[in-house]
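Q: Construct all of the structure, not just a fragment, from the sequences and the given hints.
Residue numbers (this note's numbering), protein chains in the order written: chain E, 9 to 660; chain B, 9 to 308.
There could be a bad hint or two in this list.
Here are the simulated lysine to any residue pairs, SDA-like style, with alpha carbons at most 20 Å apart [claimed, not checked]: (1) B:Lys182 - B:Asn234; (2) B:Lys30 - E:Met599; (3) B:Lys30 - E:Ala606; (4) B:Lys30 - E:Asp93; (5) B:Lys189 - E:Asn542; (6) B:Lys182 - B:Ala276; (7) B:Lys30 - E:Asn542; (8) B:Lys30 - B:Ala276; (9) B:Lys18 - E:Ser133; (10) B:Lys18 - E:Asn609; (11) B:Lys182 - E:Ser133; (12) E:Lys570 - B:Ser178.
In short, the hints are calculated from the structure, not lab data.
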Amino acid sequence: MSTLSNAISGLLAFQRALATTSHNISNVNTPGYTRQRVELDTGLPTAEGGYFIGNGVQITSIERLHDQFVMNEVLRRTTSAEQLDMFYQLSNQVSNLLADPNAGLAPAMQDFFNAMQDMADNPASIPARQVVLSQGNVLASRFNEMNDYLTQQRLGTNEQLQVMVRDINSYASAIADINGQISQYSGGAGTAPNDLLDRRDLMLNELSKLVSVDSMEQDNGSINVFIGSGQALVLGTHASQLATIPSEFDARIMEVAYVGSTTSTGVNITSFLSGGQMGGLIEFRDGLLTDTQNELGRIALGLSTMFNTQHISGIDLNSKTGENFFSDLSTTAAEVLPSRSNMGTAVVTAQIVDHSQLSNSDYLLQLNAGVYTLTRQSDSTVTTLGTFPPAQVVDGVNFAISSGAMADGDSILIRPTGVAADRMQVLLNDPSMIAAAAPMRSSTGLSNQGTAQISQGTVTDITNAAFATPGALTPEVTIRFIDAVTYEILDSSSMAVLETGIPYNAATGSDVFPSPGGLDYGYSLRITGTPVANDSFSIEYNAGGVGDNRNALALEDLQNLKQLVNNSATFMDVYGQLVGRVGAETREADMNSQTQHALLNQAIQRREEISGVNLDEEAANLVRYQQAYQAAAQVISISNSTFQTLIAAVGN
Amino acid sequence: MRISTPMFYKLSIDQMQAQQSKLSHTQQQVASGLRVLTPTDDPAAATRILDLGSEIETYSQYMRNMDHAESRLEMSESAMGAMTSHLQRIRELAIRGLNDSLSASDRNAISFEIEALMNQLLAIANTRDASGEFIFAGYQSDSRPFDHDGVGNFTYNGDSGERELRINASSYLKISESGDKVFMNIAAAGGGTQNMFASIHGLVQDLRADNPNPASLENIDNALDNLLTLRAELGARLNVIDTQRSVNESVTLQLQTSLSSEQDLDYAEAISRLNQQVVALQASQQAFIKVQGLSLFNYL
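A: Structure follows, in structure tokens:
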């Protein structure tokens with residue numbers, strides 16, 4: 009009886025529909041769930057004489073309401089947003105450290121130079137000198153600590169990468185598994201189980217959070233996932249692995265490798281990876297973090313070199329020539345990292361010879377087809393090295409092969425300032441050894457009758473032979489005026505004439521050295537005023553000059569000298585530029601992240617619009633299908649009663 | 009446009025979180041009084057704040073330098089003031105001693121007073137400052153500059169060094185006078201140079217020998233003139249400190265004003281913003297409560 013069978017078809021169909029609706033309701037909060045809808049269609053009608061009689065309802069399919077285009081948009085935005093979030097989070101920490109008013113570098117530098125000025129006020133005072141040493145130690149420690157923090161960040165990325173790689177591998181395996189299950193089902197009935205598809209989409213979404221991937225659907229329902237520059241992460245039911253390997257140049261830093269099925273150690277694909285948390289992490293580590301560490305190193309190097317150069321031009325409380333105040337970083341600051349695949353035996357050194365030309369970049373030294381090239385990593389400028397080997401100076405660094413030789417195809421990464429901030433240290437620990445005084449002083453003759461005066465002088469070249477003998481000036485000279493407009497220079501001990509007939513103009517004064525005859529003892533002085541015949545001035549070694557603060561004044565003036573970055577900036581300038589640069593990059597990441605999140609939210613909203621469960625709608629559907637079910641059940645009841653009527657009619 | 013149930017919650021929660029985050033940022037600003045909490049808030053301002061802070065610190069160091077300079081100069085000033093009055097007394101006594109009407113015993117008596125004053129002058133020449141440095145010794149400030157062998161030979165052990173201090177970005181100020189300039193290299197009567205002590209010692213001996221030399225008076229006058237010139241110059245330097253101090257103070261004020269405008273919060277704006285954001289958050293929370301209870305299931 010078609011009534012009964014129609015009613016039964018309705019019952020079954022509405023049962024399924026109610027089941028699907030309840031499935032939707034139960035999964036309203038399941039992440040990645042795509043709502044399902046029962047598609048109903050009439051059964052094929054039966055021909056009966058001149059008319060067709062209907063055959064009830066059948067379920068054609070349970071549709072998964074899904075838009076792949078929208079889904080791809082969500083994946084793409086997720087990748088971008090996660091990358092920017094990761095970069096922002098990491099760079100914000102660095103930015104805050106740099107600008108911290110207490111823990112940053114600026115207050116430590118300021119305190120050190122203030123201590124220098126306090127010592128210049130009172131050069132013979134041991135307590136004032138002790139403060140200079142303490143503040144110097146604080147400054148060096150501050151450099152060390154900041155560098156340490158950055159190194160910890162760098163090493164910390166290793167662990168994070170390992171976790172990410174592990175997660176990527178597990179998602180890839182999961183996707184491959186599901187691919188297998190889906191192709192089993194798809195091959196047969198036509199449509200794949202919706203829940204499996206949801207699960208696979210969820211895995212893809214999690215994967216996209218970690219790294220940028222491309223996916224392509226195959227005919228048998230499985231998807232292939234590609235990573236980096238086209239390496240296949242998932243091909244059907246086969247999942248390849250990623251692994252972390254030590255980087256080519258620095259075994260302490262991990263990079264990401266693609267392990268295909270046949271190669272055992274894998275191919276380094278780090279430079280091809282972008283997007284997602286992994287992309288953000290790598291971008292931070294190889295970009296902003298390296299830049300900051302190098303820049304700190306450049307400041308440390310500049311400061312200690314300039315300070316030492318001035319310090320050794322003075323004499324200390326014991327009238328001895330100053331020694332290096334800070335450790336000499338020119339030979340110890342550079343890190344030389346040969347590639348692990350090098351065949352050559354070259355030992356390369358990098359010595360800083362001119363801090364004003366120093367950049368804040370790493371350099372890659374390569375030998376290819378007999379040509380040595382040096383590539384500056386910050387802007388990829390390539391310099392062909394003509395006089396290399398043995399050595400050539402580029403950007404203030406003397407690159408040299410000290411022993412062995414490079415083989416063709418070798419490459420070596422050199423970081424001239426990378427670890428300078430770590431190696432910065434105060435060498436002096438005796439406050440009396442701070443060289444606050446200048447090595448020479450000038451005296452006015454006690455029987456001078458003219459009004460001429462002589463300046464105390466400043467050192468121009470501490471390597472001059474006059475300073476060669478420690479504790480003495482060789483020679484000590486006397487300047488004697490023959491008359492008001494001519495003077496001569498004599499050796500003070502023997503009174504031998506070294507040069508005579510030197511003209512003097514009272515209106516302009518005179519810079520005595522270098523003299524017209526070429527005498528130069530490594531210092532400059534000035535005579536002004538009006539002398540008379542036989543007036544004399546003598547220049548002698550500043551023995552016992554404990555109250556002299558000339559070198560201390562010169563040392564404290566270093567903070568105003570623009571000697572870094574091609575003589576355009578002081579240390580504080582370079583630091584300020586670093587803070588600004590890092591702050592700007594962080595802010596840019598923040599702004600872009602907000603934009604990407606807004607776009608991501610829009611994409612998610614569109615997805616939800618199509619695929620999300622609305623409880624009110626499902627409630628209405630429940631009512632609808634329930635009513636229909638009740639109606640169909642009622643039809644069965646009616647069909648039963650018509651049958652009963654029939655039986656009763658033919659019975660006795 | 010269709011809103012799924014989870015989407016509805018997500019939108020509401022996202023909104024509330026965004027508002028909470030803005031509110032929290034404003035609250036931190038109000039609590040700390042700073043507009044720029046981290047460099048990310050305003051990187052260009054962060055750099056300027058760093059620079060300004062550093063400048064202000066530098067200027068306060070200049071002030072410290074000037075305080076030190078002032079105390080040194082005042083010490084020199086008072087030493088030279090005492091010397092001037094001693095020398096003037098010696099001058100009076102010299103004039104009396106040179107008077108022909110005096111007897112040998114009178115002259116003898118005067119000589120003792122002059123000798124005592126000379127010794128006081130010697131003591132002043134060997135003055136030490138609070139940290140124990142000899143102020144008239146040139147660079148060799150830990151060794152006593154003036155020695156007397158008892159019989160009229162005075163040696164100057166110091167040198168011509170004079171210490172300078174930095175008082176602003178482009179200039180230094182001299183804060184000491186070398187002993188030779190003050191006491192030694194003074195014009196002598198009849199040409200040549202003399203030192204103050206030797207001349208006075210000579211006068212004492214001459215008075216005791218009843219044969220004072222009028223040239224002594226001229227020598228003393230020259231010594232006084234020298235002292236006066238040096239004192240005037242010192243006074244000028246003290247004035248420079250005063251002027252520079254007020255210049256530094258006004259520069260510091262300007263710098264602090266700039267720093268404040270970069271860094272400090274405009275409380276009026278921030279608090280009204282805070283109130284606005286509190287209201288917005290409350291509104292979104294209440295809206296959420298009102299709407300989230302609406303469900304068809306309530307009526308089934």
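Q: Which earlier hints can't be squared with this structure?
A: 6, 7 and 9
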